[in-house]
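Engineer: In case you want the letters, here they are:
Number of protein chains: 2
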Amino acid sequence: MKIKNKLKKIKNLLKANKQFSEYSIKEIEDVKYKFYKRKSTRLNLLITSVNEEDIFAGIKTAISFSSNLAKFMNCDIRIIVMDKPIRGKLVLKEYTLANGSSEISKVVVDLSKRDDVLSVSENDIFVGTMWHTLYAFRNVFSEFTLNFKKNPTLIYLIQDYEAGFFPWSSRYLLAESTYANKKNKTIAVFNSMSLYNFFKLRGYSFYKECFFSPRLNNDLKKILLRANETELKRKKQILIYGRPSKNRNVFSLILMALDKWYSENKLAREWQVLSVGESFGTIKCPSGLEVKSLGKLTIEEYANEMLQSQIGISLMASPHPSYPPLEMASFGLKVITNNFANKDLGKFSTNIYSLKTVTIEELSKKIVELSSQSDCGILMKTGEYLDDDNLQWNSIYKEIRETLETGN
Amino acid sequence: MKIKNKLKKIKNLLKANKQFSEYSIKEIEDVKYKFYKRKSTRLNLLITSVNEEDIFAGIKTAISFSSNLAKFMNCDIRIIVMDKPIRGKLVLKEYTLANGSSEISKVVVDLSKRDDVLSVSENDIFVGTMWHTLYAFRNVFSEFTLNFKKNPTLIYLIQDYEAGFFPWSSRYLLAESTYANKKNKTIAVFNSMSLYNFFKLRGYSFYKECFFSPRLNNDLKKILLRANETELKRKKQILIYGRPSKNRNVFSLILMALDKWYSENKLAREWQVLSVGESFGTIKCPSGLEVKSLGKLTIEEYANEMLQSQIGISLMASPHPSYPPLEMASFGLKVITNNFANKDLGKFSTNIYSLKTVTIEELSKKIVELSSQSDCGILMKTGEYLDDDNLQWNSIYKEIRETLETGN
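Same order as they appear, the protein sequences are chains A and B. With numbering that gives the first Met the number 0 as the guide, the letters of the first sequence map in order to residues 0 to 407. With numbering that gives the first Met the number 0 as the guide, the letters of the second sequence map in order to residues 0 to 407.
Please keep in mind that the hints were generated in silico from the structure rather than gathered at the bench. No experiment lies behind these values; they were computed from the predicted model shown. Hints are not guaranteed to be accurate.
Copies of the same chain look alike in the list, so a pair counts if it fits in one copy or across any two.
Okay, derived cross-link-like pairs now, BS3-like style, lysine-lysine, Cα gap no bigger than 30 Å in a straight line [claimed, not checked]:
1. Lys17 / Lys182
2. Lys221 / Lys346
3. Lys31 / Lys235
4. Lys181 / Lys199
5. Lys199 / Lys355
6. Lys220 / Lys31
7. Lys17 / Lys295
8. Lys25 / Lys59
9. Lys149 / Lys355
10. Lys365 / Lys3
11. Lys149 / Lys33
12. Lys38 / Lys25
13. Lys3 / Lys184
14. Lys364 / Lys207
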């Protein structure tokens, strides 16, 4: 009996013991590599995934920015997948799946499981994307410097302040450290001026810094330019950008504000609320409002819904503007979005109403205000926003090439 | 068969429908209240919980700050619990549990379920603590202004930048809104100068602002003053402040850095690593290092461990210094902690080594450095840090009283 009790105690103690793996941060695991000689320059894009279900704006931009840069510099390109194992056939049609020692260009190497060894030469240059794609290369970069007696060339494509994806925590500090790292001569390329300014306001600086601005998707542009203002029949319809799984799109706050608006305003019953982004069926709010999700639409369906709606709601808890509020504004919706730190989208278009402070009350009040107005927004058929991405990228490419050639 | 299939489809569709409650943010639910006449001033402390298991430094400070303020102003006090239902006997001995219309002083009212109606008079003043304790009173405050033709007096006891407890999200924005709110004449009282400076750097301002600095716990002070430097026998022992459940104490990062140090340094085997804070049994790291948690200790046990250890590690991803690194430094440990935004604890004591950028490599390097030194830190038996809390609080109380009396 005594022994039984003792055993029980020991068992409980063992149970209480936590495992190291419960706390270790897997995505920063070191990359295995070997150095070798290779004559020609090769651009290495470090990316989280190339699987179809993961390819949203961020990854799409990273791939086209990098492949166009490789073309511009007339050099080889290698895409290195750091996070999600490649599933099924490669969706990047011009690329071939290969291992870490492959010598051909336009290859994709799967390092997600860190079980392959990457060949690295002094003529390899790197484009980092998500914070941990760079963090996992820390050892490669520091050994690179020792081995080749020069710093590796790093281009950091910064599309958000990614520390903000986390509460103040281990990951927050590690993500932040990739911005504060001064060891390598990093060329930082920011997606949007407001994001660039945010970094400057927070005191970060890089060896070189440049930014580009969001541009309207080509397929949307075609539809927009064809649309005829006078023929549009906009319904009493509110289109929200609803992504419950993405914290920064603040779905809860939008939902609670819509519920408040609907419960306090009789006229709200004349309106319909549709959501694009993620699928969540139909949510019945306590007020009686039903928010129906259309899920991820085709470009044509998305454009159609925009052309039929009067009001758009798309929030983003980040200094990055995000694409949907700009798209909605260019398609003539009156769009409610939010300021964040230095970000103010009100300057982008008169169709945009940007909340200074976001509370359920303020957002609800703005919906009341816009839904009681009878006029609609105006289609935006001109302006820089309709330019091609490459127009801005080319000047950035020139700066990168110059930095590489002169070392300045 | 066809009907069966249709039913199946409908069932699946219903399953896909998400519930409003999955997304609604419960802790900000409005408080029920009624206005009435009451002659004397009453201080209302809005707090999340008074249950023993929740009473850590933050709640302890809020209760003693408020009850001392009520004494100073010679007014009634009412503690309003906003979050966790009161369990069992009240641990606050001088207080009585009562309902929202009770007229006596020193009562605790449980509004956690929002099923009681709070009586509010124009002579009620409010001390807010966690962001949502104030957010849930928004309706009370705006109706207060309409009803009594004056703004309510709010004291906001700010002990961290609580938006940082969340990733950029709905809760982040709502927490942030409580700092940006200019509607009420808020007297902000900051716990620590570095936290106050953080708010100033981020551009926040309040009607009145003051701060106090962390002071050594009285019981620890007694032990520290009794301790004899020359008699101490410090072991090769590292004491970490380990709280896996608190993001801001960055447990993962500490654990991974210790593992790296242990795997790369033969001399590390001479050292023992103990953790105070939360219980997690013993964690076996891949390097062979065992990190043993002592859990939450008594003051005496905690002091003893500090007096027997050479190195302390206590990180805090926040502009607030937190108490453990200061306690460890005063007890003569060499303490590794971290800078955060404007925070730099290096100024507090020569026993403190504050990392500018926190990475696993930097932390590990600092452990290597300190563990290879043979000298120990020095007991801190003098200085402001050993003063009594009330010394600083009294000058804050005077300012609050003046503001209330003159309206300036």
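Engineer: Compare the structure with each hint and give your call.
Structural biologist: Against the structure, the hints:
1. Lys17 / Lys182: neither (36 Å within a copy, 48 Å between copies)
2. Lys221 / Lys346: Within. Shortest intra-copy distance 24 Å satisfies the 30 Å Cα cut-off; inter-copy 60 Å does not.
3. Lys31 / Lys235: Classified as neither; 57 Å inside a copy, 34 Å across copies.
4. Lys181 / Lys199: both (15 Å within a copy, 27 Å between copies)
5. Lys199 / Lys355: Classified as both; 21 Å inside a copy, 18 Å across copies.
6. Lys220 / Lys31: Answer is neither; intra-copy 44 Å and inter-copy 51 Å both fail.
7. Lys17 / Lys295: Classified as between: cross-chain Cα gap 16 Å, same-chain 40 Å, threshold 30 Å.
8. Lys25 / Lys59: Classified as within: same-chain Cα gap 24 Å, cross-chain 37 Å, threshold 30 Å.
9. Lys149 / Lys355: between (47 Å within a copy, 25 Å between copies)
10. Lys365 / Lys3: neither (67 Å within a copy, 46 Å between copies)
11. Lys149 / Lys33: The answer is within: 16 Å in one copy meets 30 Å, while 72 Å across copies does not.
12. Lys38 / Lys25: Result: close neither inside a copy nor across copies, 34 Å intra and 61 Å inter.
13. Lys3 / Lys184: For Lys3 and Lys184, neither the intra-copy (63 Å) nor the inter-copy (65 Å) Cα distance is at most 30 Å.
14. Lys364 / Lys207: between (43 Å within a copy, 29 Å between copies)
When each numbered hint is compared with the structure, violations occur for hints 1, 3, 6, 10, 12, 13.
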